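Residue numbers (the UniProt record's numbering), protein chains in the order written: chain F, 1 to 138; chain X, 1 to 138; chain Y, 1 to 138; chain R, 1 to 138; chain Z, 1 to 138; chain D, 1 to 138.
Worth flagging that the hints you see were computed from the coordinates, not collected in a lab. It should be emphasised that the depicted structure is a prediction, and the values quoted were computed from it without experimental measurement. Among the hints, erroneous ones may be present.
Unchecked claim - In the DSBU-like style, the derived pairs of lysine-lysine whose C-alpha atoms are separated by at most 30 Å in a straight line are:
id, chain 1, residue 1, chain 2, residue 2
1, X, Lys-98, F, Lys-98
2, R, Lys-55, Y, Lys-98
3, Y, Lys-55, R, Lys-55
4, F, Lys-55, F, Lys-98
6 protein chains.
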Amino acid sequence: MATVPLVSDAAASPEVAAVFADIRETRGTEHINNFWRALAAADPALLAATWARLKAVMVEQREGGLDPLTKELVYLAVSMANGCDYCIHSHTAAARAKGASAAQLADLYAVLAMAVQTNALVTALGVPVDPGFQAEAD
Amino acid sequence: MATVPLVSDAAASPEVAAVFADIRETRGTEHINNFWRALAAADPALLAATWARLKAVMVEQREGGLDPLTKELVYLAVSMANGCDYCIHSHTAAARAKGASAAQLADLYAVLAMAVQTNALVTALGVPVDPGFQAEAD
Amino acid sequence: MATVPLVSDAAASPEVAAVFADIRETRGTEHINNFWRALAAADPALLAATWARLKAVMVEQREGGLDPLTKELVYLAVSMANGCDYCIHSHTAAARAKGASAAQLADLYAVLAMAVQTNALVTALGVPVDPGFQAEAD
Amino acid sequence: MATVPLVSDAAASPEVAAVFADIRETRGTEHINNFWRALAAADPALLAATWARLKAVMVEQREGGLDPLTKELVYLAVSMANGCDYCIHSHTAAARAKGASAAQLADLYAVLAMAVQTNALVTALGVPVDPGFQAEAD
Amino acid sequence: MATVPLVSDAAASPEVAAVFADIRETRGTEHINNFWRALAAADPALLAATWARLKAVMVEQREGGLDPLTKELVYLAVSMANGCDYCIHSHTAAARAKGASAAQLADLYAVLAMAVQTNALVTALGVPVDPGFQAEAD
Amino acid sequence: MATVPLVSDAAASPEVAAVFADIRETRGTEHINNFWRALAAADPALLAATWARLKAVMVEQREGGLDPLTKELVYLAVSMANGCDYCIHSHTAAARAKGASAAQLADLYAVLAMAVQTNALVTALGVPVDPGFQAEAD
């Protein structure tokens, strides 16, 4: 249940239609996710800026950077930690579409469970940072 | 500033000493992170259970699962999303030790920034899940 | 799907009925939000205390303080950051009822997206506070 | 304690130096916040993209949009809800620099306290959204 | 709407079936929560490890430790703070099954509301820890 | 490092001094936590309202409600889940002052670790609520 209407193709302004067209061309699919349709209603300028940045980060490939599947798994892990249901569904689907196997997703769940547990314990105990961790940053 | 003392080697009970010894052998280093020393003070049984599980998830390798660096990056991303400073420092150091390059960490930061932004917008707009995302789960 | 029943007018105890009556009079509407009906079931004393405080903060006007719409936008932004779906729906409706325009809400979404992104990067990088920021607090 | 070095003016690449110069010109101050210096070390491309977007959202003014102080208060409220200490310090300082009075900040604290409390109770009770809230979105 | 299928008894592998059998015997009920059925699909090894640990923490009793109802209330409070709807529903039901009265749950809601409010204000104000709090940890 | 000064006894207005006096009398100690001193600077009205409510919830005893130590443990668990360092320190100290044993705190840490782990997995898997959980609420 959205707080804004979802913008249909018919109702799209030229600015929105241009973004929708680029999403379709970049992804090679006719489907425009509800997220983009809601964002189009909320703020067309924010839609354009968000899509441009997402394309640069998730579609384009940086030399020596992470491969597309790893980036998708990181995106999914962050969405899980933030408890964003829609995002978990869309990025689980995206990870599978990019080739994530059941064993890889099983590892993702196992690492998530491990990380939140140690995150919480570290915070609960107020553990001071080991001096050695810092040295590597300088 | 911890809410419990950090258990030194000299003060370790046999149960705690056995865990410390296994950490040292598994990791090939004499250094025991402050996290384990604080957890030893809080609850030796929780120390043993947490280390055993962390070893199974992060050290052992599942057939067809994620490689050690990818698991480390997911762990780090979750720690960042949860805002755990100690964890961010320790797992940034661990990612570098496992070979994460500056370009790979740059991608991690870029994906994190992208994910939290779209997570927040999806939530703010109450976007309903696209029916197609669900089909792939069944 | 609530974990408690929603208290109807007919089922309201005198203590609850008095709060419902004050909500109706203060807001000039017969509608009592589900939140108040659920809170009435959970703890009538908490209902009374929460309504009294909400009225003092959101309805009454402090000299030199924030105007009602700005307070509503801050309330909404916090609800978005906390990922509370019900709260996002009720306070988006309230912001519109208090005169928030589409352009103002568009700015709210844009600032939210910006803030969560820089919040996450600051945390991920462990950025130390600039000395100058502190000076102004003293 | 940062996980990356803070890039000094002397160490800035031409790409980073150009961003630093634009920050200085836009803000009319010589001071470059530690956030930008850390981001420059983490990923110069992310620095450029983040600054460009922050300038568009926070410095430029949308017709009929929120005034600069209200945007700053929303930014601050989100940072508080996310528990980002650095961000709270920098945006409290920024809010004061943009004219926020003590009474206005007092209202911000009061609304924050109110919002997190009702957010938590709504979530704890699983309150279903009132049908009327949705009507306004369509 | 799950991102994985829920594993039925008929579809359970021997590894999964053994966990399901132990859940049934330990809890004295035929019902297996959807959580365990989803986890069985995601990662049978994670299912086994999570159930084993949950049984050790929540079912077994440590000498001098917390009683079962108090542990359940802590579990519920954490789930509320984390905004996990499913967990709130399952652990509210579990708390009632373990004897939590309406007055005890009312106190839980009241303490939750108090805690999140002071947590947020402390964070918003950047309050430094009183030296005395630390002394007790050493 | 606070964003507001800490109000000393000498600098306290009559309104603030009255709250400080009631804190001292209620708690039987001369020490006023930094939280109250910071809140006094931020908003004396919020200080008075927060203290009045905290006294009602945490000091006064509801018939059939939770005992003081259990309320303190719930407060602490919520503070841990919210990652509020100051609150963790102050409420760990308070729990010890109210008689929490090392074994009880060990159980608290163990339950926290369990809860955040299952919270995260439930969210990651999008587990639907079992119909039976709801029945008990009606």
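Evaluation of the provided hints:
Between X/Lys-98 and F/Lys-98 the CA atoms are separated by roughly 24 Å; this keeps the pair inside 30 Å, and the hint holds. For the hint linking R/Lys-55 to Y/Lys-98, the alpha-carbon distance of about 28 Å falls within 30 Å, and the restraint holds. Our distance criterion of 30 Å between C-alpha atoms is broken by Y/Lys-55 and R/Lys-55, whose separation comes to about 37 Å. Using a Cα cut-off of 30 Å, the hinted pair F/Lys-55 and F/Lys-98 holds, with the two alpha carbons roughly 15 Å apart.
When each numbered hint is compared with the structure, a violation occurs for hint 3 only.
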